[in-house]
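Trainee: Sequence:
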Amino acid sequence: MSAKPTPPTHLPDPGNVREILAYWIRLLRVEKGWSQERLAHECELDRTYVSAVERCRWNIALANIERLAQALGVEPWTLLKPPDQAIKPARKTARKIPAKA
905 MSAKPTPPTH LPDPGNVREI LAYWIRLLRV EKGWSQERLA HECELDRTYV SAVERCRWNI
965 ALANIERLAQ ALGVEPWTLL KPPDQAIKPA RKTARKIPAK A
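Taking the numbering used here, the leading residue of the sequence shown gets 905, the next gets one more, and so forth.
Quick caveat, the hints were computed from the structure, so don't treat them as lab data. Just so you know, even glycine gets a beta-carbon here, dropped at the ideal spot from N, CA and C. There's no promise every hint is true.
[What the hints assert, rightly or not] Ranges between beta-carbon positions, derived for each pair:
1) 950 / 918: 28 to 34 Å
2) 951 / 977: 26 to 32 Å
3) 950 / 988: 20 to 26 Å
4) 945 / 986: 25 to 31 Å
5) 950 / 980: 18 to 24 Å
6) 935 / 961: 18 to 24 Å
7) 931 / 970: 29 to 35 Å
8) 981 / 917: 14 to 20 Å
9) 919 / 948: 20 to 26 Å
10) 988 / 941: 28 to 34 Å
11) 988 / 948: 27 to 33 Å
The whole structure should be built from the sequences, with the hints applied where relevant.
Mentor: Here you go:
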């Protein structure tokens, strides 16, 4: 059984296109509740390729950016746009329950 997908834990370097691409692919994939394997299947790519792109280990072809964007339901250019630095990535925190009045 595979672990539940987790969103990125930090914002990418705004000057590093591969980090930005990896950030968006992982964030959008996790928002859909998809594993890397599911995303790869939707794009007709290999899971290890998707994993390598998410870890900034692989240079990606423009055609594959288009495939990933289509599967994720976004325009290809959005995967290359630095995220708003004011938006903080999701992180696990304890939820406080308000006291009863």
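Trainee: Each hint should be assessed against the structure and marked as holding or not.
Mentor: We went through each hint and held it up to the structure:
1. 950 / 918: 28 to 34 Å: holds, 29 Å
2. 951 / 977: 26 to 32 Å: violated, 20 Å
3. 950 / 988: 20 to 26 Å: Since residue 950 and residue 988 have Cβ atoms about 32 Å apart, the given range 20 to 26 Å is violated.
4. 945 / 986: 25 to 31 Å: Between residue 945 and residue 986, where Cβ atoms are some 29 Å apart, the hint holds.
5. 950 / 980: 18 to 24 Å: holds, 20 Å
6. 935 / 961: 18 to 24 Å: holds, 23 Å
7. 931 / 970: 29 to 35 Å: violated, 18 Å
8. 981 / 917: 14 to 20 Å: holds, 19 Å
9. 919 / 948: 20 to 26 Å: violated, 31 Å
10. 988 / 941: 28 to 34 Å: holds, 30 Å
11. 988 / 948: 27 to 33 Å: holds, 31 Å
Consistency note: the structure conflicts with the earlier hints numbered 2, 3, 7 and 9.
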